[in-house]
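Q: Counting in the UniProt record's numbering, the sequence shown runs from 1 upward without gaps.
One should not assume that every hint holds.
Cross-link-like lysine to aspartate or glutamate pairs, in silico, DMTMM-like; alpha carbons within 25 Å at most [to be verified]:
#1 29 with 61
#2 48 with 59
#3 29 with 5
#4 85 with 45
#5 25 with 5
#6 48 with 65
#7 53 with 65
#8 48 with 36
#9 85 with 61
#10 19 with 8
#11 72 with 50
#12 19 with 65
#13 85 with 59
#14 46 with 65
#15 29 with 45
#16 29 with 50
#17 48 with 61
#18 19 with 36
#19 72 with 59
#20 62 with 36
#21 62 with 45
#22 54 with 8
#23 48 with 8
#24 53 with 36
FYI, nobody ran anything at the bench for these hints, they're computed from the structure.
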Amino acid sequence: MESLDWTEINAGNQQHLQKAYNTNKAAFKAQHWVIDPTTGTYNVEKIKRERPKKIMVSEWDKYIEFWNDPRKIARAAQNRQNRAKSTMQTSTTQEYPSLIDT
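From just these sequences and the hints, can you work out the full model?
A: Next up, the structure:
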């Protein structure tokens, strides 16, 4: 019985964990870092007040400081535009031929 290549297993594990982290990070940001529809900008004071109870104030302030960086805001806006431009390629569904002779 041959052993598996542990470097491939480790790489697969790292890839899986990175995807889980990115998915959770994006969902967390989408839930809390929301553009105010009345102004079209981020209301930082409102976001500070709506801190999740499980996160300490000092940690929440670090998140806000990170998200409020003008370079990150500009990059997020560019990414949002790019996602809006891209179209999803889909194929039409086809019915399977009937296996029963009628």
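Q: All hints are to be evaluated individually against the structure, with a verdict given for each.
A: Hint check:
Of the supplied pair hints, the one linking residue 29 and residue 61 holds, its CA atoms being roughly 14 Å apart against a limit of 25 Å. Note on residue 48 and residue 59: the hinted pairing holds, with a Cα-Cα distance of about 11 Å set against a maximum of 25 Å. Distance restraint check for residue 29 and residue 5: the Cα-Cα separation of roughly 36 Å exceeds the 25 Å cut-off, and the hinted pair is therefore not satisfied. For the proposed pair residue 85 and residue 45, the alpha carbon gap of about 32 Å is over 25 Å, so the pair is violated.
Distance check on the hinted pair: residue 25 and residue 5 sit about 30 Å apart at the alpha-carbon level, beyond 25 Å; violated. The suggested pairing of residue 48 with residue 65 holds, with an alpha-carbon distance near 10 Å, which does not exceed 25 Å. The suggested pairing of residue 53 with residue 65 holds, with an alpha-carbon distance near 18 Å, which does not exceed 25 Å. Restraint check for residue 48 and residue 36: satisfied, since their Cα atoms lie roughly 14 Å apart, inside the 25 Å limit.
At most 25 Å may separate the alpha-carbon atoms for a hinted pair to count; residue 85 and residue 61 exceed this at roughly 33 Å. Among the hinted pairs, residue 19 with residue 8 is consistent with the structure: their alpha-carbon atoms are about 17 Å apart, no more than 25 Å. The suggested pairing of residue 72 with residue 50 holds, with an alpha-carbon distance near 21 Å, which does not exceed 25 Å. With a CA separation close to 24 Å, the supplied pair residue 19 and residue 65 stays within the 25 Å bound.
Between the alpha carbons of residue 85 and residue 59 the distance comes to roughly 35 Å, so the proposed pair goes past 25 Å and is violated. Proximity of residue 46 to residue 65 is assessed by CA-CA distance (about 14 Å); at most 25 Å being required, the pair is judged to hold. Our distance criterion of 25 Å between C-alpha atoms is met by residue 29 and residue 45, whose separation comes to about 16 Å. For the hint linking residue 29 to residue 50, the alpha-carbon distance of about 13 Å falls within 25 Å, and the restraint holds.
Proximity of residue 48 to residue 61 is assessed by CA-CA distance (about 7 Å); at most 25 Å being required, the pair is judged to hold. With a C-alpha separation of about 29 Å, the suggested pairing of residue 19 with residue 36 is violated against the 25 Å cut-off. Between the alpha carbons of residue 72 and residue 59 the distance comes to roughly 18 Å, so the proposed pair stays at or under 25 Å and holds. Among the hinted pairs, residue 62 with residue 36 is consistent with the structure: their alpha-carbon atoms are about 21 Å apart, no more than 25 Å.
At most 25 Å may separate the alpha-carbon atoms for a hinted pair to count; residue 62 and residue 45 meet this at roughly 14 Å. Of the supplied pair hints, the one linking residue 54 and residue 8 is violated, its CA atoms being roughly 36 Å apart against a limit of 25 Å. With a CA separation close to 42 Å, the supplied pair residue 48 and residue 8 exceeds the 25 Å bound. Among the hinted pairs, residue 53 with residue 36 is consistent with the structure: their alpha-carbon atoms are about 22 Å apart, no more than 25 Å.
Violated hints for the displayed structure, listed by number in ascending order: 3, 4, 5, 9, 13, 18, 22 and 23.
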